[in-house]
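Engineer: Knowing the structure of chain H, use the given hints to seat chain D on it.
Protein chains: 2
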Amino acid sequence: MVTDRGYVEELADVEDDFDRWYVEVVRKAEMADDSPVRGTRIIRPYGFALWENIQRQLDDRIKATGVENAYFPLFIPKSMLEREADHVEGFAPEVAWVTHGGNKKLEEPWAVRPTSEAIICPIYARWVQSYRDLPILINQWSNVVRWEERPRAFLRTVEFLWQEGHTAHASLEEAEERTLQMLDVYRDLCETELAIPVIPGLKSDSEKFAGALRTYTIEAMMGGKHWALQSGTSHNLGDHFGRVFEIEFLDAQGERHFAFNTSWGLSTRIVGAVIMVHGDERGLKMPPRVAPTQAVIVPIWRKAKEREDVEAAVQRVRDSLGSDIRVKVDLRDDKTPGWKFNEWELKGVPVRIELGPRDIQSEQVMVVRRDTGEKQPVPMAELPEMLPALLEEIQANMYEGARRMLEEKSERVTEYERLRERAAGNAGFTYAYWCGNAECEDKIKAETHATIRCIPFTQPELPGSCIVCGAETDTEVIFARAY
Amino acid sequence: MVTDRGYVEELADVEDDFDRWYVEVVRKAEMADDSPVRGTRIIRPYGFALWENIQRQLDDRIKATGVENAYFPLFIPKSMLEREADHVEGFAPEVAWVTHGGNKKLEEPWAVRPTSEAIICPIYARWVQSYRDLPILINQWSNVVRWEERPRAFLRTVEFLWQEGHTAHASLEEAEERTLQMLDVYRDLCETELAIPVIPGLKSDSEKFAGALRTYTIEAMMGGKHWALQSGTSHNLGDHFGRVFEIEFLDAQGERHFAFNTSWGLSTRIVGAVIMVHGDERGLKMPPRVAPTQAVIVPIWRKAKEREDVEAAVQRVRDSLGSDIRVKVDLRDDKTPGWKFNEWELKGVPVRIELGPRDIQSEQVMVVRRDTGEKQPVPMAELPEMLPALLEEIQANMYEGARRMLEEKSERVTEYERLRERAAGNAGFTYAYWCGNAECEDKIKAETHATIRCIPFTQPELPGSCIVCGAETDTEVIFARAY
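Chains H and D, in that order, give the protein sequences.
Quick note on our numbering: the first sequence kicks off at 41 and runs consecutively.
Quick note on our numbering: the second sequence kicks off at 41 and runs consecutively.
Chain H with its partners taken away, still in its complex shape (with noise of 0.2 Å):
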């Protein structure tokens, strides 16, 4: 027989060695799973079920925006992938290549899709002749491979699953406002749904997205090193897109005008961020929103004889629960309480109720809180109504967790050293301005390995003094440590 505490005593500290951690809990809690394939993970079946909520909540939030799903092609042929110049220089030391096919070679390679506007944005060119085909409103769920060097469960790898928006646009303040809008989604899926504060704005010149006008980041700050993690990007490609592949349209004075588009991409990388912000000494734990299991019942018994009284206690209890709650029940006869204790609190479902003989006597259960560890007698009759109600409260708690964290690891910043020491001590978010020049920015990423995440939509009221050179200037940016 396993010990009780098994699972907790092999974890790594969470704080003293937050990678470590992160490797150990998503492969103790059956999240991910090294693959035989270079640089690629597998995602098992409890951590694609947290990606299929995420996915059915976001999938619903971006058809509400007007937005159909269709699918494209996973290959995209060489010389359409180098139409764009800045597109093809971001992406293509990153791109695996096709060369063979059906027994003979390709008369020229084809790229597996990195991210898709160089093959969706040629079939667009096909679909627009008049304003009257715009705007073309299309999203995709799909996978995508980018080379990686330094692979890492759902944070980095080889391959990774997401969804793609792409939109074409008659005018470019349509398009700013569809990239907006669509940031504005996953910033509310990530607040909402996910119990992850974030923090939206711009991206500096050198880190958008290869192609881009402009991008806009949702930044989140993980736990433990307290990391920035880029969570969900959303680009406004102007006309450069348009222009190279065509996009053309007449306007209704019979005008000529090329399209704007634009792109947004949220990918599995959210799935690493869940579990960064929320995990603790104990485990995962997860947002009851998108939880896998939201509470799990476990049967308390010692004699034989109790066991048939407990079990059918326990199905009565968990049939007065209904089916809109995902309630697991643990009947395992080859473990104790304690270790699926331990188990469940490793896999982060919010809520565990307790049920032993003593119990069906009071027609009580035990309710035992993941975010907060608090236990709670719950007359049987109540909990219906309780449970819900529970899952709630810790949505809300572990958003006000997350926000606090956010809070306390920020710090607002005028001398240079001052960011160079929080850069070195993992300290946080460090608020600074910057005047907008890249030499500035290559400074502080040569000498702290801290980037510029954005430049927060909330900016300070008065101008102050670039952190680096001293220029007088307006902008406000967050430096930090990213994954």
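These aren't lab readings, by the way, just hints derived from the structure by calculation.
Some hints here could point you the wrong way.
One copy or two, either will do: identical chains are not told apart, so a pair holds if it fits within one copy or between any two.
Simulated crosslink set (SDA-like; lysine to any residue; CA at most 25 Å straight-line) [what the hints assert, rightly or not]:
hint, residue 1, residue 2
1, LYS145, ASP100
2, LYS483, ARG356
3, LYS144, ARG192
4, LYS265, GLN416
5, LYS485, TRP267
6, LYS103, SER211
7, LYS485, ASP349
8, LYS248, PHE298
9, LYS375, LEU177
10, LYS118, VAL184
11, LYS375, LEU220
12, LYS103, ASP370
13, LYS449, PRO237
14, LYS345, THR488
15, LYS68, TYR523
16, LYS343, ASP100
Structural biologist: Just chain D, lined up with the frame of chain H:
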């Protein structure tokens, strides 16, 4: 202004030129489009919405059997694909190979998965030690690539979307049970949701999956030429993959065994089946349960002053239908009602609701069925109750129509000449006795292009003579041309 019958005049005749009809209806109904990547197609939003509805139905059914979703890599290293000899022999000619990644030549080429047994089985080998680790019940929604020289939207494309289930079991009996269970899930999906009757049965050895012990199939009869479409397959892989990939486990007595596997898949091909089974001279006919749009409301007005009242009434009717029915309101002002009628008929929307100025007076709408063309006035107040019932009636009627076609175009024959005649004349499914010998099977294929679609589960009570060699046999099979 486009003429009222613009769409329909252009559609090829469904009886005389079914192949051209298919290509045109796919394009005009905006189900799919050509792609700049050889052999691939774009699935447009209307086609993808149908696929999403089918996915949702199938995913629910798969999960209800205890299977969970996960995700495995797109790439399979060459040496891994080659481990199961029959498997690689079957798939190697169709594989696309990645040879370069991240600006470097790979040490060994990677196959873009044509199916995932060869990447999933080595991973299962790691997960399985004891009989307690079995069964493993996993499904994956993914894209796969098989080189294809004669592409056809949905039916045969270099890349297609599907689900592939992969299970591992402690006994051959349990694997067989799962294989048949999943085939029945496919049968139920087709019959209940898609209104497509299918014939479940066993594939002959020459038609089975490369590497399988046994392949089961559901075969459907298409309209037009009455060819067969293999609409879903389920494979009992025996321990073929368990042995070569060393999925070994200790049973309760501590003895080592190899695990038994199954795999089963249903793809975007099924969208082609929906088109071909139900379509007619006016275009698509969507089965109501999976139709992207179940009812379309078309306002009818001539004078601008009527427009406001009609559109307000349309909105009231739409609101009265709630959110359980997928309703579209067609307010476009650059198309005539007649043009819209044709377009929605082409797109196969099951019910059209017309509403004009006189209907407001009489508080009724005109309801038109796509399946029969019948029109009937319905009081607005009754529509919310009447419409769901009508949709179910249409669903049942479409199933009955397809069932009747299958019955009428099937014949039991005993003369070889009659089989040849039927194959040449696109007469449908031909039932005949077969001795089980591959030579007889090959002769028929060579001479008539008809293949054995399956050995149906329902077999005649008496033995008969093989249609080719005359040998006595218990086995009756279905011969047909197939897509």
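Engineer: For every hint, state whether the structure bears it out.
Structural biologist: Consistency of the hints with the structure:
no.	hint	result
1	LYS145 x ASP100	neither (42 Å within a copy, 41 Å between copies)
2	LYS483 x ARG356	neither (64 Å within a copy, 63 Å between copies)
3	LYS144 x ARG192	between (35 Å within a copy, 21 Å between copies)
4	LYS265 x GLN416	neither (33 Å within a copy, 68 Å between copies)
5	LYS485 x TRP267	within (14 Å within a copy, 65 Å between copies)
6	LYS103 x SER211	within (22 Å within a copy, 45 Å between copies)
7	LYS485 x ASP349	neither (64 Å within a copy, 63 Å between copies)
8	LYS248 x PHE298	within (22 Å within a copy, 52 Å between copies)
9	LYS375 x LEU177	between (51 Å within a copy, 21 Å between copies)
10	LYS118 x VAL184	both (16 Å within a copy, 20 Å between copies)
11	LYS375 x LEU220	neither (50 Å within a copy, 33 Å between copies)
12	LYS103 x ASP370	between (37 Å within a copy, 18 Å between copies)
13	LYS449 x PRO237	within (13 Å within a copy, 62 Å between copies)
14	LYS345 x THR488	neither (65 Å within a copy, 69 Å between copies)
15	LYS68 x TYR523	within (22 Å within a copy, 46 Å between copies)
16	LYS343 x ASP100	neither (48 Å within a copy, 38 Å between copies)
Violated hints, in rising order: 1, 2, 4, 7, 11, 14 and 16; the structure is consistent with all others.
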